[in-house]
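Q: From first to last, the protein sequence lines are chains A and B. Residue 1 is where the first sequence starts when you use UniProt numbering, and the numbers rise one by one after that. Residue 1 is where the second sequence starts when you use UniProt numbering, and the numbers rise one by one after that.
Among the hints, erroneous ones may be present.
If several chains are the same, the list does not tell them apart, and a pair holds so long as it fits within one copy or across any two.
[To be verified] Once the Cα atoms are required to be at most 35 Å apart in a straight line, the calculated DSBU-like pairs of lysine-lysine come out as:
#1 Lys15 to Lys43
#2 Lys19 to Lys114
#3 Lys120 to Lys193
#4 Lys12 to Lys120
#5 Lys155 to Lys193
#6 Lys166 to Lys28
It should be emphasised that the hints constitute simulated quantities derived from the structure, not laboratory data. Fair warning: this is a prediction, and the values are worked out from it, not measured in the lab.
Protein chains: 2
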Amino acid sequence: MSSAIIPVSPLKSAKSRLKKILTLEERKNLIKNMLLDVYTGLKNACSSIYVVSRDREVLSFSRELGVIPIPEENTRDLNDALQYAIEKIEDSTVAIVPADVPLLRRENIGRLIKKVENRKRSALICPSRGGGTNLLILNPKDIIKPSYEGFSFLKHLELCRRNRVKLYIYPSFYISIDINTPEDLGEIFIHGKNTYTYRYLRELGISTFPRHSSAGRFVIVRD
Amino acid sequence: MSSAIIPVSPLKSAKSRLKKILTLEERKNLIKNMLLDVYTGLKNACSSIYVVSRDREVLSFSRELGVIPIPEENTRDLNDALQYAIEKIEDSTVAIVPADVPLLRRENIGRLIKKVENRKRSALICPSRGGGTNLLILNPKDIIKPSYEGFSFLKHLELCRRNRVKLYIYPSFYISIDINTPEDLGEIFIHGKNTYTYRYLRELGISTFPRHSSAGRFVIVRD
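The whole structure should be built from the sequences, with the hints applied where relevant.
A: Next up, the structure:
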């Protein structure tokens, strides 16, 4: 059996790089919609889904979704919070996914989890753009310590090597896309037409056009 | 049997977004190293590899590599040049790849081509970031017209739908990474340690550090 843990940072400070295009309330709603997409991608693949956060609004929204909330207590940083959550859960295999990867639901996560479940002392990692980690599956759940921030992809690789953990790298384009900048939203318009996130952005009157210049890959406009 | 076509734009105007960090000569060498990586990723998968270009230096470098050069003649744009190249080749299945996707060699291209070869009237597409197309495999070679520029990923999808072509989408993180900005080079440092492109960047004294801020995902520095 396997569980998923979704760490969510406090809503009021999150996604500040989207300030130019979205109000605080809209950024909060965007995060909730992305969380819904991530939940949808995980729900048939995991026996339990947990959200770890220090934000009461996130925890109560999660409870409504059918996700088990883990309130953070005295945790210093993301790795500490994840460690705390990992100790709380009972399943032997755990998948860690951030809340801002809505295109994850286009992948078959159940198949990836099965791969790791079927081999003791193994892990699976999906890169994010920028050297990060957007999916980490561990069996058993404490085979390596979560080591996010910085080039976490390289840190996780090195920890697996050092601990002789069988490592599967799954280089998924969809899972690599975390949403932080207006530019990032463009990918949702191309690849995420079936997501809650896309519908919410459309509701807000946001759309996108191609731009291939030094200024970036997308033009993002709002009515 | 299948062929690959690599379109290469004139060296002197290419990769202008890297001006701040690389001289013209270095940008030319970067393109050649990326072309070498793309060639390496394709060579065991295709019976013939073609480069289509109007640049004499590219054409002669390609010939040295063992690639068949197709000089562009009176072609108006990229799509026109590709159309011209497709008509010249004899194999029934063709793979189109830009020259600036060095991480392509981390994927098993032979397996992807086989998939398309085994099914008449089929195509396979890999997205690039920004709504583009970084790999397009067609069987037969003229089943749809290449439609690059703008959101070509969506254009190719629509053409396949309209022409009832069986379409495989292969969302590869590695193939999604085309190199246009200093920022893009960061991915080579994380995922491309076995590439010619990486070795060339290291030779130039370039390295990278993590940065998670509005300014981007990587700090790129040069000694």
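Q: If any of the earlier hints don't hold here, list their numbers in rising order.
A: Structure breaks hints 2, 4 and 6.
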